[in-house]
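Visitor: From just these sequences and the hints, can you work out the full model?
Protein chains: 2
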Amino acid sequence: MKIIIDAMGGDNAPAEILRGAADAVAELGVEILAVGDQKVILACAAEHNIPLQGIQILQASQAIEMCEEPAKAVRTKKDSSLVVGLKALAEGQGDAFVSAGSTGALHVGTSLIVRTIKGVKRPALGTIIPGGEKPYLLLDCGANVECRAPMLNTFGVMGSVYMNKVMGVESPAVALVNNGAEETKGTPLYKEAHQLLKANPAIRFVGNIEPRDVPSGQADVVVCDGFTGNVILKLTEGLAKTLMGQLKPIFTKNLATKLAFLTVKDGMKAFKKKMDADEYGGAPLLGASRPVIKAHGSSNAKAFKNAIRQAMRCAEMDLSGTMERSLAALAAQSEE
Amino acid sequence: MKIIIDAMGGDNAPAEILRGAADAVAELGVEILAVGDQKVILACAAEHNIPLQGIQILQASQAIEMCEEPAKAVRTKKDSSLVVGLKALAEGQGDAFVSAGSTGALHVGTSLIVRTIKGVKRPALGTIIPGGEKPYLLLDCGANVECRAPMLNTFGVMGSVYMNKVMGVESPAVALVNNGAEETKGTPLYKEAHQLLKANPAIRFVGNIEPRDVPSGQADVVVCDGFTGNVILKLTEGLAKTLMGQLKPIFTKNLATKLAFLTVKDGMKAFKKKMDADEYGGAPLLGASRPVIKAHGSSNAKAFKNAIRQAMRCAEMDLSGTMERSLAALAAQSEE
Chain A
1 MKIIIDAMGG
11 DNAPAEILRG
21 AADAVAELGV
31 EILAVGDQKV
41 ILACAAEHNI
51 PLQGIQILQA
61 SQAIEMCEEP
71 AKAVRTKKDS
81 SLVVGLKALA
91 EGQGDAFVSA
101 GSTGALHVGT
111 SLIVRTIKGV
121 KRPALGTIIP
131 GGEKPYLLLD
141 CGANVECRAP
151 MLNTFGVMGS
161 VYMNKVMGVE
171 SPAVALVNNG
181 AEETKGTPLY
191 KEAHQLLKAN
201 PAIRFVGNIE
211 PRDVPSGQAD
221 VVVCDGFTGN
231 VILKLTEGLA
241 KTLMGQLKPI
251 FTKNLATKLA
261 FLTVKDGMKA
271 FKKKMDADEY
281 GGAPLLGASR
291 PVIKAHGSSN
301 AKAFKNAIRQ
311 AMRCAEMDLS
321 GTMERSLAAL
331 AAQSEE
Chain B
1 MKIIIDAMGG
11 DNAPAEILRG
21 AADAVAELGV
31 EILAVGDQKV
41 ILACAAEHNI
51 PLQGIQILQA
61 SQAIEMCEEP
71 AKAVRTKKDS
81 SLVVGLKALA
91 EGQGDAFVSA
101 GSTGALHVGT
111 SLIVRTIKGV
121 KRPALGTIIP
131 GGEKPYLLLD
141 CGANVECRAP
151 MLNTFGVMGS
161 VYMNKVMGVE
171 SPAVALVNNG
181 AEETKGTPLY
191 KEAHQLLKAN
201 PAIRFVGNIE
211 PRDVPSGQAD
221 VVVCDGFTGN
231 VILKLTEGLA
241 KTLMGQLKPI
251 FTKNLATKLA
261 FLTVKDGMKA
271 FKKKMDADEY
281 GGAPLLGASR
291 PVIKAHGSSN
301 AKAFKNAIRQ
311 AMRCAEMDLS
321 GTMERSLAAL
331 AAQSEE
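Protein chains in written order, with our numbering: chain A, 1 to 336; chain B, 1 to 336.
FYI, nobody ran anything at the bench for these hints, they're computed from the structure. Since no wrong hints were added, every one of them can be taken at face value.
For identical chains, the list gives no copy identity; a pair is met inside one copy or between any two copies.
In silico DSSO-like links for lysine-lysine, alpha-carbon gap of 27 Å or less:
1) K134 with K234
2) K234 with K185
3) K165 with K302
4) K253 with K134
5) K185 with K78
Guide: See below:
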């Protein structure tokens with residue numbers, strides 16, 4: 001198994017990316033093809049004492065910045081680590097690609113270079129979010145801000161295959177975000193999507209899920225358009241941060257509260273770990289013809305290593321192939 | 001000042017509604033016109049020892065249930081507390097109307113019976129949500145699941161007037177929910193709305209707000225379509241509940257953690273109060289020609305009393321008139 005990584009993408013590149021890759025080699029027994037400027041990579045590894053055993057370097061002289069217009073960046077920066085890495089994946093030089101760089105550029109680049117499986121026009125961005133009962137997969141998280149109903153139906157299939165194959169959930173419960181439980185709720189897009197999902201034999205559709213029930217994790221796959229998914233993902237992050245920020249002054253008020261905190265420290269630590277998205281690696285670009293994983297832009301070594309683990313699992317389970325077969329069966333059925 | 005209330009609406013009607021009304025009479029010096037079945041109201045007041053001084057009863061023999069189809073319920077239940085109450089408001093029998101009943105029926109009924117101010121087709125549902133820094137007004141929260149860009153622009157004006165007049169915020173910051181700070185972000189609806197809000201001289205538009213920044217309260221007015229607003233409102237509720245539920249077992253684990261909790265109890269209580277939406281009363285139906293307030297369906301006496309206080313303030317500050325003048329000035333300007 002060989003995973004291709006974008007050594008230059010992300011806020012903490014290349015040091016944390018390389019460290020995560022080195023940890024993956026040591027702990028997971030994987031080979032790495034690190035794409036980036038060889039000189040920079042070697043200097044960084046030397047400076048931070050990161051062992052490069054098992055890590056091969058594929059030269060790319062450019063890097064795509066977060067602020068660049070995605071389509072333009074992919075078109076013009078032919079020698080960027082992201083474009084060179086995706087090309088290497090398309091050519092079969094590795095089994096999956098992981099990048100903590102620009103989501104937009106990765107999405108555009110994946111569509112153009114790696115291509116999508118049959119039945120999928122543009123990949124969807126899925127994210128595993130820690131929930132009250134259990135983690136759930138939210139898609140689309142912002143790759144496709146405008147969606148048509150058949151796309152939402154496809155998201156249901158792709159999400160279901162992902163949760164089954166990669167997360168090991170048997171018969172995942174697929175739910176559609178909506179402003180009410182009744183199937184007549186929502187915009188025309190959501191009404192139509194509900195009917196398509198309901199009639200879809202490839203998934204276990206459990207109906208609409210109201211936004212208040214999303215965080216509990218009662219559904220395994222939560223389907224919505226990319227605009228709404230982006231709201232859910234970012235609001236979840238922001239609200240968790242705001243609430244935790246409100247708790248801090250309560251515990252640091254005086255000596256007694258500080259001592260009190262020591263008592264619950266272990267519990268709080270376990271809670272933080274459970275709520276820590278880094279534990280689940282990155283966001284898969286579902287529908288790509290080969291596995292592409294978007295690691296969080298602020299990934300540290302641990303998060304990047306987990307994203308590599310996730311990429312390995314996607315490749316092992318032949319995620320793209322399984323999805324393609326599911327969608328083909330569905331298309332054949334609806335043509336009958 | 002006389003506030004008309006729907007005595008039969010809400011999960012805890014009529015007891016908690018009447019208790020809230022009686023507290024409002026005692027504490028706020030307001031007159032109440034309670035709409036509902038006189039027999040039921042008198043029996044309930046007697047059973048729960050609720051004083052009816054200052055509370056006049058307006059007979060209505062029916063009640064609209066939460067599960068009823070809103071438009072049909074308003075059309076067919078002519079003698080429901082909601083319809084009779086809204087008619088009383090339209091006829092000037094009181095200065096504002098407060099109901100904890102069906103949001104949909106209240107929205108439809110307000111449009112049909114109380115009517116909207118010039119320039120507003122259907123009222124928007126605004127909700128004050130506790131934020132990290134300060135509370136903010138979110139609109140639309142679900143009354144209009146489908147919106148056009150000029151509606152979002154009107155929401156900006158109505159929200160700004162509300163925060164200024166009712167919440168006392170000078171020059172409120174108005175922001176548009178979007179999946180990025182750049183004005184080119186979002187769906188066509190959001191791109192167009194951004195341009196309209198930016199060119200709107202009646203408000204202080206501060207640009208797009210990413211969902212992760214919404215909970216901090218850095219904007220006073222957060223504008224979005226009703227589908228998205230419903231997601232933000234309900235997800236905020238659900239996530240706060242999930243996170244607090246995760247903290248509980250940490251504090252109830254053993255004797256030491258229980259003792260620790262005693263130390264931080266006051267702080268947690270203050271925090272809970274700050275995060276308690278009940279403190280802010282109900283959700284105004286902005287754009288109605290007279291003030292209509294939707295109290296939370298699960299309102300207890302305190303929440304309902306606060307909703308009455310809010311209704312009083314809307315009437316005192318001539319909210320509807322001020323909004324109408326702002327919108328008229330805006331319309332005149334754009335015609336020039």
